[in-house]
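Enquirer: Model the full assembly from the supplied sequences, consistent with the hints where possible.
Chains as they are written, first to last, in my numbering: chain A, 446 to 564; chain B, 4 to 109.
Mixed in with the good hints there might be a few duds.
Simulated coverage check for chain A against chain B, where a stretch passes if three residues somewhere in it have a Cβ under 8 Å from a Cβ of chain B [what the hints assert, rightly or not]:
1) 484-497
2) 502-510
Which residues of chain A face chain B? A partial, calculated answer using Cβ under 8 Å [unchecked claim]:
3) Y539
4) Y549
5) Y550
6) F551
7) D552
8) W554
9) G555
10) Q556
DEER-style ranges, computed between Cβ atoms [said to hold, decoys possible]:
11) A:T485 - B:N78: 27 to 33 Å
12) A:A475 - B:F85: 35 to 41 Å
13) B:S95 - A:A532: 25 to 31 Å
14) B:R63 - A:T518: 37 to 43 Å
15) A:S464 - B:G43: 19 to 25 Å
16) A:V472 - B:D19: 36 to 42 Å
17) B:F85 - A:Y547: 32 to 38 Å
18) A:A532 - B:N78: 37 to 43 Å
19) B:R41 - A:T531: 27 to 33 Å
20) B:I76 - A:D548: 20 to 26 Å
21) A:Q446 - B:R41: 16 to 22 Å
If you are wondering where the hints come from, they were derived from the structure by calculation, not from laboratory data. All values derive from a computational prediction rather than experimental measurement. Where a beta carbon is used, it is the ideal one built from N, C-alpha and C, also for glycine.
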Amino acid sequence: QVRLRESGPGLLKPSETLSLTCEVSGVSIADSFWNWIRQTPGGALEWIGYSEDGGLPNYNPSLQSRVTISHDTPNNRVSLNLRSVTATDTAIYYCTRRASDYDYYFDSWGQGILVTVSS
Amino acid sequence: IQMTQSPSSLSSSIGDRVIITCRASQTVTTFLNWYQVRPGKAPELLIHSASSLHNGVPSRFAGSGFGTQFTLIINNLQPEDFATYYCQQAFSTPWTFGQGTKVDIK
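Expert: Here is the structure:
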């Protein structure tokens, strides 16, 4: 069974860098595509991007200039970095899995982590 | 691609049939998924590829549609079904979601 668990700081100040980690168990991160998705306080879901082990990442153009998704294969973890945050980056951040290049859906989700940006 | 759901919210009773619609601003063929989100819980995939029930999802959930118009039907609404439902297109990146439909208790 695939399990995802997000961790990281819950409170940031404007202009800081958001750094989150997704610990994956039940599957090797080398075998799937790992996505980050966020849910705003208003409820809207926004796809941030994905990475595949050894492949090129694919980011939402709205965030592309500020985001990096990377893999820590030995520790089976996926990371999200979002630079220069503002209050509009306040959201619940989810780590999700897309099982393969032929599966166009997110079949596993973490519980999410609330990140608040406030001075 | 913009995704628009209707209604934005609805109130229903246990045992009711609920219908949620999702419209895409351009064709997504069958690259359309449905998710359930409950507060404090990991979101769950219900339907993928417009009409395929995900493993372990109860058969009271059903999806249909093609192109730009899609429907999620929940038959015999159960207490655990009170949640917010989102459609999502996977036809082209950036993948996008509908604004959500909140189903609460009448």
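Enquirer: Next, verify each hint and record whether it holds.
Expert: Here is how each hint holds up against the structure:
1. 484-497: holds (count 6)
2. 502-510: It holds: at least three residues are needed, and the stretch 502-510 of chain A offers 4 whose Cβ sits within less than 8 Å of chain B.
3. Y539: Since chain B brings a Cβ to about 7 Å from Y539 (chain A), closer than 8 Å, the hint holds.
4. Y549: 4 Å, holds
5. Y550: 4 Å, holds
6. F551: Result: holds, 6 Å to nearest chain B Cβ.
7. D552: 5 Å, holds
8. W554: Result: holds, 4 Å to nearest chain B Cβ.
9. G555: 6 Å, holds
10. Q556: Q556 (chain A) check passes; min Cβ-Cβ to chain B is 5 Å, inside 8 Å.
11. A:T485 - B:N78: 27 to 33 Å: 31 Å, holds
12. A:A475 - B:F85: 35 to 41 Å: The hinted range 35 to 41 Å holds for A475 (chain A) and F85 (chain B), with Cβ atoms some 38 Å apart.
13. B:S95 - A:A532: 25 to 31 Å: Since the Cβ atoms of S95 (chain B) and A532 (chain A) sit about 30 Å apart, the hinted range of 25 to 31 Å holds.
14. B:R63 - A:T518: 37 to 43 Å: 40 Å, holds
15. A:S464 - B:G43: 19 to 25 Å: With Cβ atoms ~23 Å apart, the hint holds.
16. A:V472 - B:D19: 36 to 42 Å: Hint holds: Cβ distance 37 Å, inside 36 to 42 Å.
17. B:F85 - A:Y547: 32 to 38 Å: Hint holds: Cβ distance 33 Å, inside 32 to 38 Å.
18. A:A532 - B:N78: 37 to 43 Å: 42 Å, holds
19. B:R41 - A:T531: 27 to 33 Å: 28 Å, holds
20. B:I76 - A:D548: 20 to 26 Å: Taking Cβ atoms as reference, I76 (chain B) and D548 (chain A) lie about 23 Å apart, which means the hint holds.
21. A:Q446 - B:R41: 16 to 22 Å: Given a distance of about 19 Å, which is inside 16 to 22 Å, the answer is holds.
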